[in-house]
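Engineer: Now for the letters of each chain:
Protein chains: 2
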Amino acid sequence: MERIGVGLLGMGTVGTGVFKALKSNQDVILKRTDTLFEVKKILVQDPDKKRQAEDAQSLLTTDFQQVLEAGIQVVVEAIGGLEPARSFIERAFEAGCHVVTANKELLAKHGSELERLARSRGVQLLYEASVGGGIPVLGTMRHLLKSNRIHRITGILNGTTNYILTEMASKGTPFDEVLAEAQKLGYAEADPTSDVDGFDAAYKLAILARLSFDAEVPVTEIPREGIREITPGELVLARRLGYAVKLLARGEQYGEKGPVSLAVGPALLPLTHSLSSVDGIYNAIHLEADVVQDITLVGQGAGEEPTASAVVEDLCNLYCLPPSKFIPSEETLLLPSQHSGGSRFIYLETAQHLDEGDAEGLKRRLQAIGLPVGETGISRVTDGSGVAFILRRWDPLYRGVLLAELGLEVSCLTDRPVHGSSTVEEAVRLEAGSAV
Amino acid sequence: MERIGVGLLGMGTVGTGVFKALKSNQDVILKRTDTLFEVKKILVQDPDKKRQAEDAQSLLTTDFQQVLEAGIQVVVEAIGGLEPARSFIERAFEAGCHVVTANKELLAKHGSELERLARSRGVQLLYEASVGGGIPVLGTMRHLLKSNRIHRITGILNGTTNYILTEMASKGTPFDEVLAEAQKLGYAEADPTSDVDGFDAAYKLAILARLSFDAEVPVTEIPREGIREITPGELVLARRLGYAVKLLARGEQYGEKGPVSLAVGPALLPLTHSLSSVDGIYNAIHLEADVVQDITLVGQGAGEEPTASAVVEDLCNLYCLPPSKFIPSEETLLLPSQHSGGSRFIYLETAQHLDEGDAEGLKRRLQAIGLPVGETGISRVTDGSGVAFILRRWDPLYRGVLLAELGLEVSCLTDRPVHGSSTVEEAVRLEAGSAV
Ligand SMILES: NC(=O)c1ccc[n+]([C@@H]2O[C@H](COP(=O)([O-])OP(=O)(O)OC[C@H]3O[C@@H](n4cnc5c(N)ncnc54)[C@H](OP(=O)(O)O)[C@@H]3O)[C@@H](O)[C@H]2O)c1
Ligand SMILES: NC(=O)c1ccc[n+]([C@@H]2O[C@H](COP(=O)([O-])OP(=O)(O)OC[C@H]3O[C@@H](n4cnc5c(N)ncnc54)[C@H](OP(=O)(O)O)[C@@H]3O)[C@@H](O)[C@H]2O)c1
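Which chain is which? The protein sequence lines are A and B, in order. Counting in the UniProt record's numbering, the first sequence runs from 1 upward without gaps. Counting in the UniProt record's numbering, the second sequence runs from 1 upward without gaps.
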């Protein structure tokens, strides 16, 4: 049996979960890994705050140096943010400690430098909890898909926004109301920006892209759109046309070591896609690779226990699995994400009261000027009507054409990509269609 | 770089896939594992059969001894069935070779003895492809959930039956017709018994139970029911009441090292369950564990490429991941699967033409004699009507009561468990309901 001293940085949601799981599952961990993990010191900001885990009290300190000197081999970083988390991790490496962290922002922004530093010090950096909470997605990519070339990843990587969209779709409640409720329930932060504006998902996508495509992309360059503009009317009509609207993180690589495209934003998934039924606080990642074809991993993307599971698994893996051979690569060419081609879902609201007949009329009008309009739907919304249609073969210029041709007082007009509808597929489908 | 000689047994679907993947992905494998796998000999039955992979021709033999003497370190067994596969594997162990296999029947029936033999010879036995095709479920349980106690597994483990049920539900076509079509498309074997009667799923469940619960259960003792009796009418009404009917493999353990219950059979999943939307040839496994809460893995459960992926990943892992510490345990106590308690879906067909009003009448009649009847539905079927209802708190004695009380000429009456409705949950729900 090996005894490993652990220094825990932070005793919030994640820190508390890790502390409790190491205690409650000590026996299984010992049996399966022959290793006993002992938390020696816990770094917090406010030593007087009442803690849920009472036996943690005597381990608290506000001095990081005390943690480093407590006879530890591993530091678990569960503070979050860039500083002081980053400096603490660097000092831990310099002291010869491995580091396990849940910090997606730091990993997205400085992961490569940190990996390099760890390598140069002969220690490891693991961060399973930073993407998808309890879902072992990084471990799966690293250890269980070694013979596969992953060429596409599609993820629902943020539980807060997925919860909000699920509630909006099922209850017809507008964004602001659901957000307020989510904040009350603890599913959303007081400042929801990181979640609802897509920053959190973009961090996770940057981390996934590094591991799966070997691609180094500055997170600020990932095109990003949040969910604030989505209305319940849009969700209802999308579903009626056979799609779910999700905040998707999407990454694709064109050829090995080739350029990539990455994007975070609301997109439509056909209801037959394995991610379309991932609802509420659940996260999921869909991986497409050359031999295995496709794999979907679903689980709870946040919360005390799932996140603690990922951290504790990383702790075990420091001693059970081979260290990463990952070599951070130079910056990768980022292609602009496809703005034209593929199908597009168009949704607009107008103060006019329209019916099915009007919708058919609009559709015929657009088809008459050559726009490839597919399924169409209409619905009653507060103060008027919502109109939706699928435009096959999208071109951004169509926005102006649409507004002019429809001749409606439009209070909002959104266009969203339909996932999986590439230009090539579409061309084939259109050709088949035109033969009918 | 290490060179590893591979002896391939069988050049059917799986063998061909493995041969091709080792070739097409040799570069990635070499880069990531520093190992070059070379197929030295291929054992087949008929050396004159035309093979898809032409460069395999010169490696064919019908003499297993020649394979063993070809300078190999690993045997990939892709023949299937008990003999001669078992003897070949034993001889491979004795010759000091590791073995990778996709053979679920052999692993389910003799896995523990084979593990023991491998251990005693200092070699490894890996079998990821035997459960869930390309889904890395065994690897996930073994390497990525080490600190978790898994207490429940629920799986859609057979692609043939899932395809048949999906087709029946979406097109309303009866079992026999869909089976015939599936056979034409190559989704079902000429002799479909192993799939449609649940044997294949039971093999996989036995393997999963061994790894996740440390439970050794003779596969013949796993209660097993197939899908032959399912009618399209049943599937339609189940969906209308909010459920999908799936052939589920279900395992549960009561306390660590405790007794288990295992069963394979059609069961209802609420449409909100992550497995309910797993359709067609896809397989999926839902794992519930104490820290991570729950994880669902979805992927293609069969086919040349996904299965080859699992075999080739195993080949890599022989040299990259730590060998299993699995110690086969003595036989585990198998509890009879719950026949009473929990909710039950009842479906019957009658030649009489019934309408919604009749359904309500039947429901009231059953409630009057104290049966806890919930959601009810009715539909037109060929030659009459289908009636369905959910009975909360099931008792097998109810079958007789039902038949007597309904007073209908019933041509079929089935009852199916509703997954996730334990007696305890139900008791709580009933209590809440009675207060309304
Ligand atoms: N919550 C989740 O479900 C989840 C899921 C995945 C990943 N993560 C990531 O995990 C990390 C931690 O998240 P969390 O939700 O556990 O945060 P949290 O609940 O806000 O806890 C943060 C902890 O860090 C301590 N802390 C903050 N600043 C500090 C400083 N300058 N020096 C010392 N200690 C400091 C706080 O001390 P006091 O207690 O004294 O205030 C607190 O204990 C973040 O990177 C987050 O993105 C969280
Ligand atoms: N097919 C799948 O998608 C799938 C998925 C998961 C697991 N599996 C498992 O993988 C295994 C192989 O399945 P498969 O579909 O590849 O089977 P298959 O297509 O029927 O191929 C069997 C191969 O084994 C050879 N063979 C049969 N008996 C032999 C004997 N006595 N001596 C030497 N060679 C013999 C055959 O030789 P000839 O070519 O000369 O006839 C053939 O090449 C089975 O255990 C199956 O359960 C299959």
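If you're looking for bench data, these hints aren't it; they were derived computationally from the structure. Certain hints may be false.
Identical copies go unnamed one by one, so any copy, or any two together, can satisfy a pair.
[To be verified] Here are the computed lysine to aspartate or glutamate pairs in the DMTMM-like style, where the Cα-Cα straight-line distance is at most 25 angstroms: (1) Lys257 / Asp48; (2) Lys50 / Asp355; (3) Lys257 / Asp34; (4) Lys146 / Glu38; (5) Lys171 / Glu375; (6) Lys146 / Glu305; (7) Lys31 / Glu221; (8) Lys40 / Glu305; (9) Lys325 / Glu113; (10) Lys20 / Glu256; (11) Lys49 / Asp294; (12) Lys325 / Glu38; (13) Lys146 / Glu2; (14) Lys257 / Glu83.
Engineer: With identical chains treated as interchangeable, where does the CA-CA distance between Lys325 and Glu38 reach 25 angstroms or less: within a copy, between copies, both, or neither?
Structural biologist: between (28 angstroms within a copy, 23 angstroms between copies)
Engineer: One pair to classify: Lys257 and Asp34, alpha carbons no more than 25 angstroms apart. Within, between, both, or neither?
Structural biologist: between (39 angstroms within a copy, 19 angstroms between copies)
Engineer: Which holds for Lys50 with Asp355 at a C-alpha limit of 25 angstroms: within a copy, between copies, both or neither?
Structural biologist: neither (59 angstroms within a copy, 62 angstroms between copies)
Engineer: If the cut is 25 angstroms between Cα atoms, do Lys20 and Glu256 qualify within a copy, between copies, both or neither?
Structural biologist: between (42 angstroms within a copy, 19 angstroms between copies)
Engineer: Could you figure out if Lys171 and Glu375 sit no more than 25 angstroms apart (CA to CA) within one copy, between two copies, both or neither?
Structural biologist: Answer is both; intra-copy 24 angstroms and inter-copy 22 angstroms each pass.
Engineer: I want to check one pair: Lys40 and Glu305. Are their C-alpha atoms no more than 25 angstroms apart within a copy, between two copies, both, or neither?
Structural biologist: Classified as within; 21 angstroms inside a copy, 48 angstroms across copies.
Engineer: Between the shortest in-copy and the shortest cross-copy C-alpha distance, which are at most 25 angstroms for Lys31 and Glu221: within, between, both, or neither?
Structural biologist: neither (46 angstroms within a copy, 29 angstroms between copies)
Engineer: Taking 25 angstroms as the upper bound on the Cα-Cα distance, should Lys257 and Glu83 be classified as within, between, both, or neither?
Structural biologist: neither (32 angstroms within a copy, 45 angstroms between copies)
Engineer: Within a copy, between copies, both or neither: where do Lys257 and Asp48 come within 25 angstroms Cα-Cα?
Structural biologist: Neither way: Lys257 and Asp48 sit 51 angstroms apart in one copy and 42 angstroms across, limit 25 angstroms.
Engineer: How would you label the pair Lys146, Glu38 (within, between, both, or neither) given a Cα cut-off of 25 angstroms?
Structural biologist: Between copies only: 17 angstroms across, 32 angstroms inside.
Engineer: For the identical chains here, do Lys146 and Glu2 meet the 25 angstroms Cα criterion within one copy, between copies, both, or neither?
Structural biologist: Answer is between; shortest inter-copy Cα gap is 16 angstroms, intra-copy 29 angstroms.
Engineer: Within, between, both or neither: how does the pair Lys49, Asp294 come out at a Cα-Cα threshold of 25 angstroms?
Structural biologist: neither (47 angstroms within a copy, 32 angstroms between copies)
Of the numbered hints listed earlier, those contradicted by the structure are 1, 2, 7, 11 and 14.
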